[in-house]
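*Asks:* Taken in order, these protein sequences are the chains called A and B.
Its first residue numbered 29, the first sequence is counted upward by one per residue in our numbering.
Its first residue numbered 3, the second sequence is counted upward by one per residue in our numbering.
Note that these hints are calculated values from the structure, not bench results.
If you're wondering where the values come from, they're calculated on a predicted model, not measured in any experiment.
Think of the CB as a built atom: it goes at the ideal place given N, C-alpha and C, for glycine as much as any other residue.
All the pointers check out, no bait thrown in.
Short derived list, chain A residues pointing at chain B, Cβ under 10 Å:
#: 1; residue: Ile124
#: 2; residue: Leu134
#: 3; residue: Arg135
#: 4; residue: Ile137
#: 5; residue: Ala138
#: 6; residue: Met140
#: 7; residue: Pro295
#: 8; residue: Leu303
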Amino acid sequence: MLDFVQQLVSGVALGCVYGLIALGFVLVYKATEVVNFAQGDLMMLGGFFAFTFIGMMGLNYWIGFAGAVAAMALFGMLAERVVVRPILGYPQFSIIMATIGLGYFLRSIAGMIWGTDDLKIETPFSQGVLRIGALVLAYDKLSVIAATMILCALLYLFFNKTTLGTAMRASSENMLAAYYMGIPVKRVVSIVWAISAAVATCAGVLLAPITFIHSNVGLVLGLKAFPAAVLGGFGSIPGAVVGGVLIGVIESMAGFYLPEGWKDVAPYIVLLTVLLLKPEGLFGLHVRKKV
Amino acid sequence: MRFLFKTDYEDDIKLFPHSGYVVSYGILIALLLVAPYLLSSYLMSQLVFVCIYATVGVALLILTGFTGQASLGHAAFLAIGAYTAAYLQKYNVPFPVYFLAAGVLTGIIGAMVGFPALRLTGIYLVIATISFALIVEEILARWESVTHGNEGMRVKTLSLLGVTVPRDSPTFYYLCLAVLVLTIVGTLNLLRSPTGRAFVAIRDSETAARSMGINVALYKVKSFAISAAITGFAGVLFAHKLSFISPEMFTLQLSIEFIIVILIGGTFSLHGAVLGAIFIVMIDPFLTYLKDDMPGIIAGIAATFGASSATAGNIQSKVAAFASLNGLKGAIYGIIIVLFVLFEPLGLYGRWLKIKLFFQLFPLYKRATFKRQKIYVKSERNR
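Generate the whole structure from the sequences, applying the supplied hints.
*Replies:* Listed below in structure tokens is the structure:
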């Protein structure tokens, strides 16, 4: 039983990281109908920025964190301006390919700049554990869970309660109509990319003590975040986090109870099953097809 | 300028619309047939890879280019073909039999992937095919009694009708070329048949296709099966060419390479698959060339512009250091993909058509001829 709870908590922590990356997918998808295959690589880059500020320049953890988030938000806007904006309105396939290309580029550039070693960021949560009876919980994992919950709640409120959030939902439904209603669609898209890059950075920094930062971390985790986003229904913010947690728990349970090899495929088997039975996901909207 | 005057439907679907086609493709085939006597063995080996990649490219074009179903899982189909060949070969099954068996098995698996894909479009389909590829990769690594797991499998030299065909012999090249040409001709015939027209109709509008009486589900599954089967055939040749296969060869990276093949070549014509394959296969020798010769050349240019020998040497070592950076290939891949999507969405073949039209219409060419329309109105979710 203790094993089970231990696995559950580490699964939830891992799942929260997937959830954070999936949040990035969902944000961009919700606002622009674009799926950003470079989301994991934005996370990796955010981690490297934070490493530069904290590990190399010796800044305070929180200042470095904030600096990395700000820098990545700007980078997200830049990426949107250069890669995505010229092809908005073209079929999704082009945009998917463009973001795959962006991901390739970021991975190799990061490998050139920061090398191929695993890097580690010293955080206030790196050491120390919380003991509840016989249960041992590491602070770094708890910090991931807490941060995910806070970010998810903030983004949910942002999307559903603020004017800017409403503008984003409107431009996702119909860019032209949104533009006629006075919404500056280009700026909205740009802001959404900034937010999603910032969220990715949070994921990267929180993840740093758990898996370390290396140039391929984004690809590995990004691929795991897809099942999370699909499971939650591609357009739902709480769905992304719930999906992420489910995938994380399934993965860690499969790693513990099933023979070797199941751990890596379990998320994808779940994904295919969900796509077969309920393609709109757990929290997705069911939309009727119009001719 | 040539005007094609068509009087009936048969004229419209001719394989060779006019005699120019026969002449130019005849010359191309003749050149390809004498290639082994002209090119170095390294280039011949690359040419074999071009044939294999182009075959997969054609398969992917049927599915992605003409039926509109994106797939990022074709490395898995290639792997299934390759492993079927390697496994059957252990039991001394003759080449023609396991070649066909690999195609048939991959086709059946492709159809099985096609069924769940019926309900999926766009991004969901891409994610589903990625998942399928990752699962196949894991199965190859774990099913050790058949695939030998991560140790990989050795593939024996091909023997065709009692004659051994080494993987770097001209005969093997002719075999790959024959498979490619047969695939292309077969696909051309498929595309001008009712089946091919149904594929294109589904790509352009599923709803319209259905209302015209096309069984969308059936044709989507057919498209998956045909595409997978061709990829399976290519997989057999791939296995023989490499003579050793292991699961880490058939990763997502390879699937993405196949997509790049058709993206760079152009997704609207079979020419695209061949041009893209040439591009992808030749990028490696080109990078090696850059690494070896570029530093010297750039330093030489600097020297002719009056740089002192010390500066020239400095430049040479800097360029050499840059060219041998680890991730350079990935970065170049990334830049190429982005540039093609942004500036040349019709691919290399599209560029060729533009150049051709420019000269045909000489002072009257206008850019807008090839402009694609942007759609800001409908959300894909409601489509």
